Amino acid sequence: MQQWLDQLAGSGLLAGLPRGLVYTMGAVGACTLVLLFASLLAGEVVWLERRVAGRMQARIGPNRVGPQGLLQFLADGLKLLGKEDVIPAEADKPTFLAAPVIVFMGAFAAFAVVPFGYGLVPADMNVGLFLILALTSIEVPGVIMAGWASNSKWAILGSMREVAQMVSYEMPLGISALVVALLAGTLNLSDIVAQQEGWIWNWYVLRGPFGFVAFFIFFTAALASLKRAPFDLPEAESELVAGFHTEYTGFRFAVFFLAEYSAMILFSMVTAVLFLGGWSPGFPVDLTGPAGRWIGFAVLFAKTAFLLFTMIWVRWSLPRYRVDKVMYLCYKVLLPFSVACVVGAALQVLVGDAVGGAFGRWLMGR
Amino acid sequence: MKTYLEKVWAGVRTTAKGMVLTWKHFVTKPVTVQYPEQKTYFSPFERGLHEFEPDKCIMCHLCAKACPVDCILIEEEGTGKAARLTKYEIDYSKCLFCSLCIDPCPVDCIHMGQEYDLSAFQRGDHVKIDFTKGDGPWRTKRTSAHPEAGLPEDAGV
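Listed in order, the protein sequences are those of chains A and B.
Taking numbering that gives the first Met the number 0, the leading residue of the first sequence gets 0, the next gets one more, and so forth.
Taking numbering that gives the first Met the number 0, the leading residue of the second sequence gets 0, the next gets one more, and so forth.
These aren't lab readings, by the way, just hints derived from the structure by calculation.
Values in this document were obtained by computation on a predicted structure and should not be read as measured data.
For glycine and all other residues, C-beta sits at the position ideal for the given N, C-alpha and C.
Any given hint might turn out to be false.
Using 25 angstroms as the maximum straight-line C-alpha spacing, the simulated DSS-like pairs for lysine-lysine come out as follows [said to hold, decoys possible]:
{"hint": "1", "chain 1": "B", "residue 1": "Lys-64", "chain 2": "B", "residue 2": "Lys-127"}
{"hint": "2", "chain 1": "B", "residue 1": "Lys-93", "chain 2": "B", "residue 2": "Lys-127"}
{"hint": "3", "chain 1": "A", "residue 1": "Lys-324", "chain 2": "B", "residue 2": "Lys-6"}
{"hint": "4", "chain 1": "A", "residue 1": "Lys-331", "chain 2": "B", "residue 2": "Lys-1"}
{"hint": "5", "chain 1": "B", "residue 1": "Lys-86", "chain 2": "B", "residue 2": "Lys-55"}
{"hint": "6", "chain 1": "B", "residue 1": "Lys-86", "chain 2": "B", "residue 2": "Lys-64"}
{"hint": "7", "chain 1": "B", "residue 1": "Lys-93", "chain 2": "B", "residue 2": "Lys-64"}
{"hint": "8", "chain 1": "B", "residue 1": "Lys-16", "chain 2": "A", "residue 2": "Lys-324"}
{"hint": "9", "chain 1": "A", "residue 1": "Lys-324", "chain 2": "A", "residue 2": "Lys-152"}
{"hint": "10", "chain 1": "B", "residue 1": "Lys-1", "chain 2": "A", "residue 2": "Lys-324"}
{"hint": "11", "chain 1": "B", "residue 1": "Lys-16", "chain 2": "A", "residue 2": "Lys-331"}
{"hint": "12", "chain 1": "B", "residue 1": "Lys-16", "chain 2": "B", "residue 2": "Lys-6"}
{"hint": "13", "chain 1": "A", "residue 1": "Lys-82", "chain 2": "A", "residue 2": "Lys-92"}
{"hint": "14", "chain 1": "B", "residue 1": "Lys-16", "chain 2": "B", "residue 2": "Lys-1"}
{"hint": "15", "chain 1": "A", "residue 1": "Lys-152", "chain 2": "A", "residue 2": "Lys-92"}
{"hint": "16", "chain 1": "B", "residue 1": "Lys-55", "chain 2": "B", "residue 2": "Lys-127"}
{"hint": "17", "chain 1": "A", "residue 1": "Lys-152", "chain 2": "A", "residue 2": "Lys-82"}
{"hint": "18", "chain 1": "B", "residue 1": "Lys-6", "chain 2": "A", "residue 2": "Lys-331"}
Listed next, with one range per pair, are the computed distances between beta-carbon atoms [what the hints assert, rightly or not]:
{"hint": "19", "chain 1": "A", "residue 1": "Arg-63", "chain 2": "B", "residue 2": "Lys-55", "range": "38 to 46 angstroms"}
{"hint": "20", "chain 1": "A", "residue 1": "Thr-287", "chain 2": "B", "residue 2": "Val-7", "range": "39 to 47 angstroms"}
{"hint": "21", "chain 1": "A", "residue 1": "Leu-80", "chain 2": "B", "residue 2": "Leu-117", "range": "34 to 42 angstroms"}
All chains should be modelled from the sequences, with the hints used to inform the complete structure.
What follows is the structure in structure tokens.
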């Protein structure tokens, strides 16, 4: 990104401009592109969810607005914009107003380090994986603020459940991501993808049993921190009305909704990057060229779409967990298994190096 | 330790089982009938909008007398053999589609039809229908709950 901006600043129309201004413009441009990508795709994921849910219940689902109902999210968004923006009289107003912004920021900011294709990274950082785990945790204070400021028992109960669940599931999430970090030896997401290029068995999900188990643990923990069913206790419609966003209406509710679905896209992309080889299609092909990187983007998009479909599929298959069972699953099942995976992955790296080194020396000796 | 691992395995196995079940539903055809374009099957005994044959009617008023909600209004000109039907109006804001007007008719000129879509954009529209005027669906079809229609396959009698 920075190299590309440097090239741009050194030539053409932008030659006379100060370097700082070019960087700022580049940042704003990239931000707008990613925002458009995330919010439009989030709208389409809502449509996909309703269509898939319909088919799983032998219905059809929304198919009236636009071709096959693809523009349904625009109609829904316009409807929400037209609603009255209610702020409860007893609400803590500044906190109430800030909460949706913080939740959306947490979901959206992490897109900055996701590699969409070779070189198509808004910010290529050495700490990319860590940054994603850190930024997605920003959602937690936002949810606490929403629940507390609403001054409603449903909202506070929902946000308490949400915080307990998200803070707990950060652990298996982070530890199973650590398996990939160990196997790859880096936290840079572009480098992690680069190491999975080549044939399909180079993907970390298929490179040894520990990556395979870690993939499922990561996906489950991601579902839990996304508040998706079967971990949708914070929003549990049948118990808590709508959980922490009970008191939100109109556009503020739409922002919460958008944040939820952008976080779904984000976690699907991160899972695809970490375990399913990112933009690598599963056979050796050079996708580093100016056209190839867009093919890589399409490949990553297909993997993301598959994971999004799986999330929706899980939601319409499994019933909601009981509160204590959610905690049981986290602390007594996912956490021990993910720690075992980390130990195993460390051994795999150690033994793999030793065996590989011996094999190399044997080859050299010949 | 053994029961713990068994529990974990049972969790994984039942999750997979549930997912396979929903996948089977996902690939089946939806049962939805998309109403304005497609219409569902009706029995010949469906009690929808009436069908009326004004040429047959002998103005005996038996249907109007049988009606429990008095929704049939009949007007005629002349007497005896010169009598002529000028109005045969059913008020569909009252009619309860009980089919009691069908049985007493000595000449079989009124039947229950298949038409059920009585919705309209204005409140006054379609509420009262004069069967001697216009050419709505009641003038053309003979798909009524008449003994000649025969029994449908799923009648269960």
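How the hints compare with the structure:
Straight-line distance between C-alpha atoms of Lys-64(B) and Lys-127(B) comes to about 18 angstroms, which keeps the hinted pair within the 25 angstroms bound. As the CA atoms of Lys-93(B) and Lys-127(B) are separated by approximately 9 angstroms, the hinted pair is consistent with the 25 angstroms bound. As the CA atoms of Lys-324(A) and Lys-6(B) are separated by approximately 13 angstroms, the hinted pair is consistent with the 25 angstroms bound. The hinted pair formed by Lys-331(A) and Lys-1(B) meets the criterion: a straight-line CA distance of about 14 angstroms does not exceed 25 angstroms.
Distance hint between Lys-86(B) and Lys-55(B) is fulfilled; the C-alpha atoms sit about 14 angstroms from each other, no more than 25 angstroms. At roughly 16 angstroms between alpha-carbon atoms, Lys-86(B) and Lys-64(B) fall within 25 angstroms of each other, so this suggested pair holds. For the hint linking Lys-93(B) to Lys-64(B), the alpha-carbon distance of about 15 angstroms falls within 25 angstroms, and the restraint holds. Between Lys-16(B) and Lys-324(A) the alpha-carbon distance is near 20 angstroms, which keeps this suggested pair within the 25 angstroms criterion.
Note on Lys-324(A) and Lys-152(A): the hinted pairing holds, with a Cα-Cα distance of about 23 angstroms set against a maximum of 25 angstroms. The straight-line distance between the Cα atoms of Lys-1(B) and Lys-324(A) is roughly 19 angstroms, inside the 25 angstroms bound, and the hint therefore holds. Proposed proximity of Lys-16(B) and Lys-331(A) is supported: the alpha carbons are some 23 angstroms apart, at most 25 angstroms. Between Lys-16(B) and Lys-6(B), the direct Cα distance comes to roughly 15 angstroms. Compliance with the 25 angstroms bound is thereby established for this hinted pair.
The hinted pair formed by Lys-82(A) and Lys-92(A) meets the criterion: a straight-line CA distance of about 19 angstroms does not exceed 25 angstroms. In summary, the hint linking Lys-16(B) to Lys-1(B) is supported, as the alpha carbons are separated by about 22 angstroms, within the 25 angstroms threshold. A distance of roughly 17 angstroms separates the Cα atoms of Lys-152(A) and Lys-92(A); the hinted pair therefore holds under the 25 angstroms criterion. Distance hint between Lys-55(B) and Lys-127(B) is fulfilled; the C-alpha atoms sit about 21 angstroms from each other, no more than 25 angstroms.
Pair hint Lys-152(A) plus Lys-82(A) holds up; C-alpha atoms about 24 angstroms apart against a cutoff of 25 angstroms. Pair hint Lys-6(B) plus Lys-331(A) holds up; C-alpha atoms about 11 angstroms apart against a cutoff of 25 angstroms. Distance hint check: the CB atoms of Arg-63(A) and Lys-55(B) are about 44 angstroms apart, consistent with the given range 38 to 46 angstroms. Range check, Thr-287(A) to Val-7(B): about 42 angstroms between beta-carbon atoms, so the 39 to 47 angstroms window is met.
Checked against the given bound of 34 to 42 angstroms, the beta carbons of Leu-80(A) and Leu-117(B), roughly 36 angstroms apart, stay inside it.
When held up to the earlier numbered hints, the structure conflicts with none and fits them all.
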